[in-house]
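Chains as they are written, first to last, in the working numbering: chain A, 1 to 424; chain B, 1 to 424.
Honestly, the hints are just simulated from the structure, not real lab data.
There's no promise every hint is true.
Since the list gives no way to pick one copy over another, a pair counts as held whenever it fits inside one copy or between any two copies.
Here are the computed lysine to aspartate or glutamate pairs in the EDC-like style, where the Cα-Cα straight-line distance is at most 20 Å [said to hold, decoys possible]: (1) 212 <-> 60; (2) 207 <-> 275; (3) 377 <-> 354; (4) 213 <-> 106.
2 protein chains.
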Amino acid sequence: MRYCNTERLAIVPQGGNTGAVGGGVPIFDEIIVNTSNLNRIRKFDSLAGVILCDSGCVLEHLDNYLAERGYIVPLDLGSKGSCQIGGNVSTNAGGIRLLRYGALHENVLGLEAVLADGTIIDGLSTLRKDNTGYDVKQLFIGSEGTLGIVTGVSLLTPKRPKAVNVALVGLESYENVQSAFLRAKEDLSEVLSAFEFWDARSMYYGKALGSKKFRVPFEREYPFYVLVETSGSNSDHDSEKLGHLLEGLLEDNFVKDGVVAQDRTQYTNLWSIRESLGEACGAPVPIYKYDISLPVPVLYNIVEDLRQRLIECGMLGPHGPVSDVVGFGHIGDGNVHLTVFAKEFSPKVKSLIEPYVYEWTSQYQGSIAAEHGLGIKNSEYIGYSKTPAMVNMMRKIKRMLDPSGILNPYKVFHDISESQPTQQ
Amino acid sequence: MRYCNTERLAIVPQGGNTGAVGGGVPIFDEIIVNTSNLNRIRKFDSLAGVILCDSGCVLEHLDNYLAERGYIVPLDLGSKGSCQIGGNVSTNAGGIRLLRYGALHENVLGLEAVLADGTIIDGLSTLRKDNTGYDVKQLFIGSEGTLGIVTGVSLLTPKRPKAVNVALVGLESYENVQSAFLRAKEDLSEVLSAFEFWDARSMYYGKALGSKKFRVPFEREYPFYVLVETSGSNSDHDSEKLGHLLEGLLEDNFVKDGVVAQDRTQYTNLWSIRESLGEACGAPVPIYKYDISLPVPVLYNIVEDLRQRLIECGMLGPHGPVSDVVGFGHIGDGNVHLTVFAKEFSPKVKSLIEPYVYEWTSQYQGSIAAEHGLGIKNSEYIGYSKTPAMVNMMRKIKRMLDPSGILNPYKVFHDISESQPTQQ
Numbered sequence: 001m002r003y004c005n006t007e008r009l010a011i012v013p014q015g016g017n018t019g020a021v022g023g024g025v026p027i028f029d030e031i032i033v034n035t036s037n038l039n040r041i042r043k044f045d046s047l048a049g050v051i052l053c054d055s056g057c058v059l060e061h062l063d064n065y066l067a068e069r070g071y072i073v074p075l076d077l078g079s080k081g082s083c084q085i086g087g088n089v090s091t092n093a094g095g096i097r098l099l100r101y102g103a104l105h106e107n108v109l110g111l112e113a114v115l116a117d118g119t120i121i122d123g124l125s126t127l128r129k130d131n132t133g134y135d136v137k138q139l140f141i142g143s144e145g146t147l148g149i150v151t152g153v154s155l156l157t158p159k160r161p162k163a164v165n166v167a168l169v170g171l172e173s174y175e176n177v178q179s180a181f182l183r184a185k186e187d188l189s190e191v192l193s194a195f196e197f198w199d200a201r202s203m204y205y206g207k208a209l210g211s212k213k214f215r216v217p218f219e220r221e222y223p224f225y226v227l228v229e230t231s232g233s234n235s236d237h238d239s240e241k242l243g244h245l246l247e248g249l250l251e252d253n254f255v256k257d258g259v260v261a262q263d264r265t266q267y268t269n270l271w272s273i274r275e276s277l278g279e280a281c282g283a284p285v286p287i288y289k290y291d292i293s294l295p296v297p298v299l300y301n302i303v304e305d306l307r308q309r310l311i312e313c314g315m316l317g318p319h320g321p322v323s324d325v326v327g328f329g330h331i332g333d334g335n336v337h338l339t340v341f342a343k344e345f346s347p348k349v350k351s352l353i354e355p356y357v358y359e360w361t362s363q364y365q366g367s368i369a370a371e372h373g374l375g376i377k378n379s380e381y382i383g384y385s386k387t388p389a390m391v392n393m394m395r396k397i398k399r400m401l402d403p404s405g406i407l408n409p410y411k412v413f414h415d416i417s418e419s420q421p422t423q424q
Numbered sequence: 001m002r003y004c005n006t007e008r009l010a011i012v013p014q015g016g017n018t019g020a021v022g023g024g025v026p027i028f029d030e031i032i033v034n035t036s037n038l039n040r041i042r043k044f045d046s047l048a049g050v051i052l053c054d055s056g057c058v059l060e061h062l063d064n065y066l067a068e069r070g071y072i073v074p075l076d077l078g079s080k081g082s083c084q085i086g087g088n089v090s091t092n093a094g095g096i097r098l099l100r101y102g103a104l105h106e107n108v109l110g111l112e113a114v115l116a117d118g119t120i121i122d123g124l125s126t127l128r129k130d131n132t133g134y135d136v137k138q139l140f141i142g143s144e145g146t147l148g149i150v151t152g153v154s155l156l157t158p159k160r161p162k163a164v165n166v167a168l169v170g171l172e173s174y175e176n177v178q179s180a181f182l183r184a185k186e187d188l189s190e191v192l193s194a195f196e197f198w199d200a201r202s203m204y205y206g207k208a209l210g211s212k213k214f215r216v217p218f219e220r221e222y223p224f225y226v227l228v229e230t231s232g233s234n235s236d237h238d239s240e241k242l243g244h245l246l247e248g249l250l251e252d253n254f255v256k257d258g259v260v261a262q263d264r265t266q267y268t269n270l271w272s273i274r275e276s277l278g279e280a281c282g283a284p285v286p287i288y289k290y291d292i293s294l295p296v297p298v299l300y301n302i303v304e305d306l307r308q309r310l311i312e313c314g315m316l317g318p319h320g321p322v323s324d325v326v327g328f329g330h331i332g333d334g335n336v337h338l339t340v341f342a343k344e345f346s347p348k349v350k351s352l353i354e355p356y357v358y359e360w361t362s363q364y365q366g367s368i369a370a371e372h373g374l375g376i377k378n379s380e381y382i383g384y385s386k387t388p389a390m391v392n393m394m395r396k397i398k399r400m401l402d403p404s405g406i407l408n409p410y411k412v413f414h415d416i417s418e419s420q421p422t423q424q
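Extracted from the complex, chain A is given alone in its bound form (with noise of 0.2 Å):
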């Protein structure tokens, strides 16, 4: 690192490489620094929950190295089986269970970074409480490798849970979806640990573009799904909480029909109807995706707006290059992500999808990156989500720890590459 910055090499830190922004991958000619054969696990506390290790230990390795002694990775991410905590960590990655578990910002202990200039920042504390001068090692998570590279990762992990049930349910409106999520947060309250949502159409490309097999256990279909998962302590008591949480929503007529897994089985099929959304828009096939937070009360409305504007401009419909507008994510977490699925790309499409969104967003107050960071892709629109001034000091800190700009040029910040790399 030292070289590179006297030099002015321009770096790329990259972990699994399954970033969804870009964030790990060179646009010219930066070296890429791979954290894959930083990979031991340094040390486990069974009785605090704390495991410490290197940064290119895979999400999935480190969750089975838990499991083994009674404890879980407070994340789970669908690419666990190749992403890397380090880049978990640069990229603040949220995932599935951010509900129950918290974010990286609250789990993550301790790091250990390289600067820029070679220096390393060794702040590996396996301490929940620690409040000696400046939390500096908040600056890394989610900085996305632009400030330092993360070599070590300390992290709070809880129990394991002993009982975990799901259920799915149908549901005929966005309202119902949010009257639903009201009623879990009041019935399951600490044992309630994802509530997932996503539309018909969702379900479809699911289904067609997805490779996992699942079977809708419901005689119709409904416009809107939600899948409600409670992990516990007690199996019973959980079970007791989720069936008095059905009951209601269908007594009240917010959910029109409802099935509990009963075995591995069927918690399965039902978790692979959600993983397989994830997959359809990772298809080789034309997509628009947009990864968006809102407030609970208009996340959909992106959706249906966005749809009402491609068909009032022809764009979408058996003859248009649209073939759809869908939307799936994290109600517990605000997040919605934004799918357009076309026949080909097409710079008219695009035109009438971008700022459009971003302005949407913006108009609302939300985060036109809700988990998946600015990377490459969305360097250029952060001011939608943030005011100069923050944007301002966020340039400063930058130019603070990488006054060269060799750290993961264009990535944040699109128009940062002081260290001039060579064009090709």
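Keeping the supplied structure of chain A fixed, place chain B upon it in accordance with the hints.
Just chain B now, with coordinates in the frame of chain A:
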């Protein structure tokens, strides 16, 4: 702020003035900027559970407001009746329920702050997920007003638990306290909301010096006591879990005696014991106080080692200047309040305690300022818990955001006083 910055006039931001390390008090001729009149609740979103308020809102007022709406502030401190949320954020206050609801780095969703030069950082997001650039708000959490004055806070609030149970147990050894903690994490898991411990001598001072009246519900004295609390959505379920825990602990001889509060009066009585310990530390008698976090296995060793040291030097005993060395605190967070009760302040005693306590803590990678912060009291000891590279990075951040050093000088860094206030 802009005027003060131009004129190089130093400022101390002050909230409820309840800090334990003097972070909110002027040292020389600094101007106090008190936030008490910024006390408006701006908005509450009952679907997402997010409150947006001024920084001068008193913690207890916020909690009362939320209680009426079925929600809770994810933070509970002894000083809740007068401390303010802006001060809590600036200190990164911990408290009793951090174990359950997590730290402010997680629960603060957005901040509004004024920088030294008058720039307003408007980051009052109410979103749980937002990865548009660096999470700059994290810098203000725990920086004790040295980087900016927090004027607004957006806070994630959980549903208020419908059921709260509390039990007190007596134990023979600190090893048993650890075993009981491991078992509590296993059996109570998601409903565990407090696991507080104290030694017998702490309780003696709580009774003698605190204002709370309480009754210890055991027939004999035990060397250690633990208060376990559950907070959940179903009283029967939680009682069953707590009962199961206590049976197991008694059966395996980890605890010698135990009671579960049967009504509000008993609940208050048990919590009064714990609260009296904090009160005793604020009594107008000579006390040396240290807020330390350490790996749980060695957490109580520091109390025993310091006691032994003072005995060996002839300081502790009927004729010595020191009456007692006691320890109490939050096992779940690895946080002990090490307290030395003395008959008088003496340089000899102090020289035996410091830097011994800091060196001891440093040796076990502990924190010399767990939840109270550095303020003025601990600012010169930062090096015991942070490496020179980390402290250097902190200094760079301070210089970047407050180049004239007008914000809360001498706090966090004891030598930062670039504004050169007139010494009185």
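Item to complete: State whether the alpha carbon distance between residue 213 and residue 106 is at most 20 Å within one copy, between copies, both, or neither.
Response: neither (36 Å within a copy, 37 Å between copies)
Practice prompt. Give the relationship of residue 212 and residue 60 under a CA distance limit of 20 Å: within one copy only, between copies only, both, or neither.
Written response: Answer is within: at 19 Å inside a copy they meet the 20 Å cutoff, but 50 Å across does not.
Worksheet item: Taking 20 Å as the upper bound on the Cα-Cα distance, should residue 207 and residue 275 be classified as within, between, both, or neither?
Response: Answer is within; shortest intra-copy Cα gap is 10 Å, inter-copy 57 Å.
Worksheet item: Given a CA cutoff of 20 Å, do residue 377 and residue 354 count as a within-copy pair, a between-copy pair, both, or neither?
Response: Within one copy only: 12 Å inside a chain, 53 Å across chains, cut-off 20 Å.
Of the numbered hints listed earlier, the single one contradicted by the structure is hint 4.
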